[in-house]
Amino acid sequence: GESVGLHLPTLSVQEGDNSIINCAYSNSASDYFIWYKQESGKGPQFIIDIRSNMDKRQGQRVTVLLNKTVKHLSLQIAATQPGDSAVYFCAGSPSGTYKYIFGTGTRLKVLA
Amino acid sequence: IAGITQAPTSQILAAGRRMTLRCTQDMRHNAMYWYRQDLGLGLRLIHYSNTAGTTGKGEVPDGYSVSRANTDDFPLTLASAVPSQTSVYFCASSQGYNEQFFGPGTRLTVL
Chain A
1 GESVGLHLPT LSVQEGDNSI INCAYSNSAS DYFIWYKQES GKGPQFIIDI
51 RSNMDKRQGQ RVTVLLNKTV KHLSLQIAAT QPGDSAVYFC AGSPSGTYKY
101 IFGTGTRLKV LA
Chain B
1001 IAGITQAPTS QILAAGRRMT LRCTQDMRHN AMYWYRQDLG LGLRLIHYSN
1051 TAGTTGKGEV PDGYSVSRAN TDDFPLTLAS AVPSQTSVYF CASSQGYNEQ
1101 FFGPGTRLTV L
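Line by line, the protein sequences are chains A and B.
When we follow the working numbering, the leftmost residue of the first sequence carries the number 1, and every step to the right adds one.
When we follow the working numbering, the leftmost residue of the second sequence carries the number 1001, and every step to the right adds one.
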């Protein structure tokens, strides 16, 4: 069945270093992927998205990489800051549907 | 601009009671969604609506119902609450197949 999952539940990174959060998906029909950030007690907040016709997309301090061959995507955060501490989710949806599937989340801890 | 509002913020409910969680958006998005978030399971889609007047089932629809009478409102009803429905519920909206905007959530405890 469909699933979108994350490799690591917790990631600790030194402030100023780069962070890489990984995500795997099982449904090859998924063609739209989103990364969300969720701070404690709040709803998820959009970070960046990518469609299956792209391999890479960059935003402000963030980059998403998509490898359709191995059904894997990653979120890279440059120069990680204390404000980046949160849980990060990837989500995917098959073409033409509103049925987004979310991964279980990775907690990013930024160490001072 | 409020975006998406949810009510109540939190609720403690006796098992067997009926409960409606409210969700309103002011962005005129066509699509709206209800998710539940449980520890270790991420967000799971309960129901969604791609336009006023239509709804669809997500991953975990049993025990929940929704309606979409207009563009802005998308209430979620638990007809007879059970303890396994204890969770944090998030409403979201999107314009087409694009990023979703989430509300602040409703923390529901069923005893």
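Hints may be right or wrong, so weigh each one.
Said to hold, decoys possible - Lysine to aspartate or glutamate pairs mimicking EDC-like chemistry, simulated, CA-CA at most 16 Å apart:
(1) A/68 x A/31
(2) A/42 x A/84
(3) A/99 x B/1072
(4) A/71 x A/17
(5) A/109 x A/31
(6) A/71 x A/55
(7) A/109 x A/84
(8) A/42 x B/1059
(9) A/99 x B/1073
These aren't lab readings, by the way, just hints derived from the structure by calculation.
These figures come from a predicted structure and were not determined experimentally.
Verify the proposed pairing of residue 71 of chain A with residue 55 of chain A, using a straight-line Cα cut of 16 Å. holds, 11 Å
Distance restraint between residue 42 of chain A and residue 84 of chain A, which requires alpha-carbon spacing of 16 Å or less: holds, 14 Å
Given the hinted pair residue 99 of chain A and residue 1072 of chain B, is their alpha-carbon gap at most 16 Å? violated, 20 Å
With a cut-off of 16 Å on the C-alpha distance, tell me whether residue 109 of chain A and residue 84 of chain A pass. Roughly 8 Å between the alpha carbons, so the hint for residue 109 of chain A and residue 84 of chain A holds.
Taking 16 Å as the top limit, are the C-alpha atoms of residue 68 of chain A and residue 31 of chain A close enough? holds, 9 Å
Taking 16 Å as the top limit, are the C-alpha atoms of residue 99 of chain A and residue 1073 of chain B close enough? Answer violated: residue 99 of chain A to residue 1073 of chain B is near 19 Å, above 16 Å.
Given the hinted pair residue 71 of chain A and residue 17 of chain A, is their Cα-Cα distance within 16 Å? Violated, at roughly 26 Å.
Sort out whether residue 31 of chain A lies within 16 Å of residue 109 of chain A, counting only the CA atoms. Distance of about 30 Å is beyond 16 Å: violated.
For the pair supplied as a hint, residue 42 of chain A and residue 1059 of chain B, is the alpha-carbon distance within the 16 Å limit? Answer violated: residue 42 of chain A to residue 1059 of chain B is near 22 Å, above 16 Å.
The structure is inconsistent with the numbered hints 3, 4, 5, 8 and 9, although it conforms to all the rest.
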